[in-house]
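Novice: Below are the chains, spelled out letter by letter.
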Amino acid sequence: MTRSARLAAQGLAVALVVGLLALLIWRVANDSNKGVSQALRDGQHPTAPAFDLSRLDGRGRIDLASLRGKKPIVLDFWASWCVPCIHESKRLEAARKQYGNRVAFIGVDTKDFSGDARSWQRKHGITYPSVHDGSGGVLTKWGGLPIPRIFFVARSGKVVGELVVEEDLPRYLRQIAAS
Amino acid sequence: MRPLIFLLVAALLAVPVARASERHPTLNELEGEVMCPVCGTTLDQSSSPAAQQIKRVIASRIAAGDTKSQIKNQLVAEYGDAILAAPEHKGFGLLAWWLPIAGIIAAAVIVGAGAWRWSRHREPLLAGPPLDPALEARLNDELRRFDD
Numbered sequence: 421m422t423r424s425a426r427l428a429a430q431g432l433a434v435a436l437v438v439g440l441l442a443l444l445i446w447r448v449a450n451d452s453n454k455g456v457s458q459a460l461r462d463g464q465h466p467t468a469p470a471f472d473l474s475r476l477d478g479r480g481r482i483d484l485a486s487l488r489g490k491k492p493i494v495l496d497f498w499a500s501w502c503v504p505c506i507h508e509s510k511r512l513e514a515a516r517k518q519y520g521n522r523v524a525f526i527g528v529d530t531k532d533f534s535g536d537a538r539s540w541q542r543k544h545g546i547t548y549p550s551v552h553d554g555s556g557g558v559l560t561k562w563g564g565l566p567i568p569r570i571f572f573v574a575r576s577g578k579v580v581g582e583l584v585v586e587e588d589l590p591r592y593l594r595q596i597a598a599s
Numbered sequence: 004m005r006p007l008i009f010l011l012v013a014a015l016l017a018v019p020v021a022r023a024s025e026r027h028p029t030l031n032e033l034e035g036e037v038m039c040p041v042c043g044t045t046l047d048q049s050s051s052p053a054a055q056q057i058k059r060v061i062a063s064r065i066a067a068g069d070t071k072s073q074i075k076n077q078l079v080a081e082y083g084d085a086i087l088a089a090p091e092h093k094g095f096g097l098l099a100w101w102l103p104i105a106g107i108i109a110a111a112v113i114v115g116a117g118a119w120r121w122s123r124h125r126e127p128l129l130a131g132p133p134l135d136p137a138l139e140a141r142l143n144d145e146l147r148r149f150d151d
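Chains A and B, in that order, give the protein sequences. All you need for our numbering is the position in the first sequence, starting with 1, plus 420. All you need for our numbering is the position in the second sequence, starting with 1, plus 3.
Taking lysine to aspartate or glutamate pairs in the EDC-like style, the calculated list, with each CA pair at most 20 angstroms apart, reads:
#1 Lys-561(A) <-> Asp-84(B)
#2 Lys-543(A) <-> Asp-477(A)
#3 Lys-58(B) <-> Asp-536(A)
#4 Lys-75(B) <-> Asp-536(A)
#5 Lys-561(A) <-> Asp-483(A)
#6 Lys-510(A) <-> Glu-586(A)
#7 Lys-578(A) <-> Asp-462(A)
It should be emphasised that the hints constitute simulated quantities derived from the structure, not laboratory data. Keep in mind it's a predicted model, so treat the numbers as computed, not measured.
Chain A with its partners taken away, still in its complex shape (with noise of 0.2 angstroms):
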């Protein structure tokens, strides 16, 4: 091999390290995958980010963002392995009751067995729409892992908040009514 030859294989050499690092640098500095969750704890209102899934009882899909503008939403993310989902999901299906002709209550059954999620609604008499999300993917983006998490989402489709006490549940529903 030619010196020339050399110095221009160990330059790359080195250039793909280089690159490397700056990319695992930045990916670092720049992890826009933080979560609505974390906005919200940073004080922002986030726009909800969107998905369009398959609904758990086979009626075609739901795109959250074709809400946007329409109607406020409450999301649910929910699993049938999780206990404390269940006293969740029954206080928003009572709350649907009240608020359903103003918000729109979708569910996401997340990291779950879609059959085994449809029994568990039938059980627990949840009769809001819920979307199968199985590998997770959206929960991520909302915050991940634990659940339940429930969201609040105005009609303008900002974020408004996640309950994390239960009187943020009629709290949150008055102000997203009223958006």
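Following the hints, complete the assembly by docking chain B onto the known chain A.
Specialist: For chain B alone, coordinates are given in the frame of chain A:
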């Protein structure tokens, strides 16, 4: 030659075992090949409710007579590719299987070629001037005495 025959026999014996495993999978083996979607471990290392749910589904599919591929396909359809502990031997998954092997072969070729070039270009050992015959005779005597 003998190791080659041994490898060939081992490979031939492995084929019927793999076929039996494909047709009649056990819960134990699938627990080691399927991930728990909420814990980041395989099912056999988790007792979380999500893992228990998948174990129940796998057990019911085995009882229904499904093959290993059918069960895995059903799990992938529900949870996505990440539910499998190892990528499948097809499509893009092949890259994960063959890339490391290709890397090892490439590294071996590079190291081998380097060693070959290094051995060819090595400077020959410098031969010194011939010894004085008297000194050589004395050295031989010393060595002989040392051997005795």
